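Q: Those protein sequences? They're chains R and B, same order as listed. Under the numbering used here, think of the first position of the first sequence as 5, with each following residue one higher. Under the numbering used here, think of the first position of the second sequence as 162, with each following residue one higher.
Read the hints as simulated data drawn from the structure, not as lab findings. These numbers come from a predicted model, not from an experiment. Wrong hints could be hidden among the right ones.
Said to hold, decoys possible - Just the calculated beta-carbon pair ranges, DEER-fashion:
#1 GLU427(R) to ASP909(B): 50 to 58 Å
#2 LEU12(R) to VAL713(B): 51 to 59 Å
#3 ASN934(B) to HIS152(R): 36 to 44 Å
#4 LYS889(B) to GLN94(R): 55 to 63 Å
#5 PRO243(B) to THR154(R): 34 to 42 Å
#6 THR327(R) to SER445(B): 35 to 43 Å
#7 GLN94(R) to GLU455(B): 27 to 35 Å
#8 ARG460(B) to GLN94(R): 45 to 53 Å
#9 GLU310(R) to ASP909(B): 46 to 54 Å
#10 SER61(R) to SER166(B): 46 to 54 Å
Even glycine gets a Cβ: it sits at the ideal position worked out from N, Cα and C.
Here is what each chain is made of, one letter per residue.
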Amino acid sequence: MSDKKIKLKYNKQGRLLFTKQMKKEYTILFPMMAPIHFTILQQVFNHYGYKAELLTSTSPEIAQTGLKYVHNDTCYPAILSLGQLIHAVQSGNYDVNKVALMISQTGGGCRASNYIFLLRKALKKAGLEKVPVISVNLSGMEKNPGFHITLPMIRRAIAAVIYGDLLMCLKNQAEPYEKNPGETEKLVHSWQDKLVQQMTHRNGFKFKDIRKNMDLIAQDFAKIELVERKDVVKVGVVGEIYVKYASLGNNCLEEYLRSENCEVNLPGMMNFILFKIDNRIEDINLYGGSKIKKFVCRWLYKQCEEMQKSFNYSIKHFTKFQTPATYAHVKELVKGVNGYGNKMGEGWLLTAEMLELVDAGYPNIVCTQPFGCLPNHISGKGMIRKIREMDERANIVAVDYDAGAPRVNQENRIKLMLSIGRENLVKEMKKEEDKSKENEVTA
Amino acid sequence: MNSQSYRIGIDIGSTTLKCVVLDDNNKIIFSDYLRHFSKIAESLNIMLEHIKAELKLNAKSKTKISFSGSAGMGIAESCKFPFYQEVYATRQATNLLYPETDCIIELGGEDAKILFMTNGVEFRMNGSCAGGTGAFIDQMANLLNVDVTEINELASHAEKTYTIASRCGVFAKSDIQPLLNQGAKKEDIALSILYAVCNQTITGLAQGREIGGKVLYLGGPLTFLSKLRDCFDKTLNIKGVLPDNSLYYVAFGSALLSEDDINIDDIIDKVKNYRNNENFAYQSPLFKDKKEYEEFKKRHDSDYVQTLELKGYDKPLYLGIDAGSTTIKAVLIDDEKNIRYTKYLSNGGNPVTLVKDILNEIYAINPNIVIKGSAVTGYGEDIIKNAFMLDYGLVETMAHFEAAKKFLPTVEFVIDIGGQDIKCFKIHNSAIDNLFLNEACSSGCGSFLQTFASSLGYSIEEFANLGLFAKRPVNLGSRCTVFMNSAVKQAQKDGATIEDISAGLSISVVKNALYKVIRASSKDDLGKKIVVQGGTFLNDAVLRAFEIELQVNVIRANIAGLMGAYGAALAAKNLNLEKSTLMDKEQLKTFKHEIMVTTCQGCSNHCRLTINKFDGKRTFIGGNRCEKPVTKKVVNNDLDLYKYKLDLLKSYESNKGSRGKIGIPFALNMYELIPFWTAFWSELGFEVVRSDVSSNELYHKGQNTIPSDTVCFPAKLVHGHIIDLLDKGVKDIFYPCMSYNVDEGRSDNHYNCPVVAYYPEVIKVNVKKLGENSVRFINPYVGIHKKKFFAEKTYEKLKEYYPFLTLHEVKQATKAAYKAYQEYEDKVRTEGERIIQKAREEGKMIIVLAGRPYHVDPLINHGINDLLSSFNVAIITEDTVAHLVKKMPPIHVLNQWTYHARLYEAANYIKDKKDMQLVQLVSFGCGVDAITTDEVRDILERNGKIYTQIKIDEITNLGAVKIRIRSLLLAVKNKEVKHVG
């Protein structure tokens, strides 16, 4: 390969740019969050000629690396995802002169918008300031000559998300009840591979294709042989998006809950995307602003909403599984509880998801948050009392995640929630039994 | 007899193992507990054998077993014994034993729980940050140098109580220490500690839900400490019950839940064969082998000061005393800087008595002693200097620097890890340049190791040495004490040995210092010439961990634990006095010390003062924030913009108003917007009622409605302000949500932080009283940043509440509001200019006390502005200089918050102003400041300025703040001297 030096270019503010030449030669690393979604998402970048690589490392050194280079009072997701990136660069597995890092930037009022700057500071501390950092955002921040987010790319990314949501949703509902252990997991993997294959061949992005794929996926999942298990506790997981999805961030929460004989419901990512688009519309409603911007947002919103509709259609039509709530429904639920203007982080959506889960038969909830997460003081912990007031079935435990927060304490608190959940389940079953007995008698 | 079944319930908590055996009638036929010192399997084995013998069980007896408790989780899982969560078990027991219970309060070793049993069953456990409880009382007892049971005895003789931060053990500690040093009575402190525990439990766990009806007290602390039960009774206005077997409820419940038969021998076998998975994160050992350790030892043994005979020595001597937070150290040196006497005492609560003893001992050893100089440093500096008439008092950092120079004249970095605090500083041009102190939260440090060692039944030396050759030091992270406690629990569960834990703790202490306090990422940050000191470094494990982490050899003197006192002695020597004023043998004989506690009426702070009288004439007052009670003079705060701002904001009053009253909380973002909203509502014809300026009483009014115990203090305060408005009889309260703040056109965006932006939402659903008595809580989303749309949009939202409003009126009100805000801003800026000018005329240093607008709140800033004024400096705020920056150079963060943009600009403005310094106030738990502090520091340090940060929370201890300020002033002065010279 060419040993030719790559010229480093900086913009006026002194930011190292990701150039067209780099696009050809650099590997772009990005941190893990939701494994199914991100594996597919990786293909979207590669489809556009980037050499993107999703980091799957899980070593405990990741947190240590994060703590070493990132301000320790920063939120845990920053410490982990930045730690994972730097840990990878330092691992020796990549040519330090041919690697770039990619991270999302929301542009909201939460600290998360600053991750990218923290990453640059951390790289500087680690003596890696020549590694370019790419911001993935929809607000037009930080442009790079070698990296562009285009509308078709956004649509493909949305496709990746919807596929991820579907696989996750069906997997979570099938797995606890499968007759042949491992069958569901296998199916998820085979579809994951199939979709990745399709995408490398430039298929599976069109709305038509997505619809078709979703139908096929649903049909396949419908074939999984299930057995009735009445002792399974239904648990919903909500929270700050990173610790909610990333097993690295939540000490393998999903796995733990599964081992405790639970069915886990992780609300999908699509609603979060719709939420972020809708925020822009709400902002204009609340404070006034550009009509064109509102129009564009509405269009994008409609696109996603359409996709959500066919998502639910596929599940409803081909399977007996429960369909997740639509964005519009979730939004309606939270009306009067948490204002639509509350948009930083997960904003009102977090509260809404808890309400929805209780409604949908998942009254046992783990509300995950990084220790000291600002938006969660409001929409997570701040709202639990109200939710319980509205529906006393709600059995919510708020769990803090942090580099120093030990698993034993977290699991002990979750165990308490599960004990209550189990007790309620037994009560419920008894009620049903009594009812059916009554029916027998009257019959 | 044979058909009798035995149900064994085992409860393994953080410190003890408890066991109950029930018969068929749920009667307790056996109960016992023992401290397990983290040897879970061994202790369990002992207990089981004990049961077997006591109840004469054999393989044929019908036994069942079930486990509970956080430390029992691991062994139960791996031996496949049934396990029940302890709160759940408690409830099972209560249902049977006390079915009429409404509420249970259970305190354990490290957990606190409240169980609401009726009207909506709800179980609450303390969050991971709110540690404390049993372990906390242990720590406090340690601090007072008494036994835990003595705390109860002491508390029953108390006369007064002090306010002690009730959140986290570490905070409380930093409240208590200064009280001790000021001479407060142990009895009063003991009771205050118990009240702190009580408050902590109630605020942390009740979260607005009322505790009443039949209340049950369970767990160790509530069983053994009757005064603690009294505290709960009084605070909650109830008469709680301490039931029989209050220690054993968890074990009892667990026994009740046991189901499957398993014979006792099988149980014992399983426990004997128990091997935990040994699956924990670990790091490389501290030493490869003995040889490596010997070399290490040899290298450090060369940094040595001789100790010679004091008896009969008749040449001049110099006395240095370090009255530290947990210890008192004294050193006498001769002209050759040899040591002639040392004393190291743990500060059992009264430094004055201890120093008196020390002096007596010195005079006894050498009756003809010649002392030519004496100096004192540390928290107790003032009181000791005053009591015994020492010549000189110096700030701790200087003392440590003096001592470090003795061993390494060209020292570049000094780090001192003491019992309570970590102090480190850089030396630049032979002056202290950059000071790092640990924040109240991450204390831990030496006393943490100490407490840990004793809880496991070791002395600290033994304990630390255990780790030297540990094979797999546990990775415990770099967090505060409370977290470490639980991390250790986790490691134990995973099968780490005591050796591994000991080594892991030593490494954690080091990591804490390096990454939390200093924020270093490599050795280059600290320079090459490093002197380490403080008692903690006398442990070779800690020292080694430090060298490994930094990969550099450092210097540790044999007197590492005495460096403060040694430095003070050196300073005393440098005074070159003919004779010390120190109290002599005769004077000491008649020495008298009286203590009186009173509340200062000098201002609204109402400090709790401890008045010490020595020999009936010299008075020393502790607990004061300003010099008023001491000098009887009013502090000259003519050059204090904090005071000006507060007075100005208080002066905004509206007319009576024909359309009714509207209440506005004087908190968070509403602080700076008082002019805006007062004008707005007045113009609309309303009378604006503002809540009072924050006070402790006001805070306590709303304390029990706070849902998140880790949110910042300024946000917690809002609850009190809302209750205050309700108490004032206001029916309509206006507290809008604001994603965006004023657009000052100086940053990429103009957000509020998430907490400020949406706190009204928390208030709305958590303050129950807002739903009563036709009170209306008006919290629309308003966009003050979009002036163009403001009137129209706000009109739409207010119409709902006030249908009579017209758009025209709202437009007029909007105009008035923006105008009033502008005028306020102008006034503040003009006053800022005046202060700067006057300070320059008088040659005073100007300090930009930078924070948020609501840091002007005296309860939030704890009177730090008064403290600064007493150092004769002028104080301005960030917003008085921010606008003076014409073109802001690019910064390395996303500049998207209005308040924070001002910080960057203020830092940028003063970067080349010789007479200006910046001190940043940071509220504990402020997430955004994790970003701003680094950037502000960066801007300043790049330009050769010193960055000083003060973390504030509920705590009222200004001791650490004083050290920071004094060190800053000293460093600036030294720099100037260097400059001129």
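Q: So, for every hint listed, does it hold in this structure?
A: Each hint tested on the structure:
1. GLU427(R) to ASP909(B): 50 to 58 Å: Between GLU427(R) and ASP909(B), where Cβ atoms are some 51 Å apart, the hint holds.
2. LEU12(R) to VAL713(B): 51 to 59 Å: Given about 32 Å between the Cβ atoms, the range is violated.
3. ASN934(B) to HIS152(R): 36 to 44 Å: violated, 59 Å
4. LYS889(B) to GLN94(R): 55 to 63 Å: With a Cβ separation near 59 Å, LYS889(B) and GLN94(R) satisfy 55 to 63 Å, so the hint holds.
5. PRO243(B) to THR154(R): 34 to 42 Å: violated, 58 Å
6. THR327(R) to SER445(B): 35 to 43 Å: Violated - the Cβ-Cβ distance for THR327(R) and SER445(B), about 52 Å, lies outside 35 to 43 Å.
7. GLN94(R) to GLU455(B): 27 to 35 Å: Given a distance of about 34 Å, which is inside 27 to 35 Å, the answer is holds.
8. ARG460(B) to GLN94(R): 45 to 53 Å: violated, 30 Å
9. GLU310(R) to ASP909(B): 46 to 54 Å: With Cβ atoms ~34 Å apart, the hint is violated.
10. SER61(R) to SER166(B): 46 to 54 Å: holds, 52 Å
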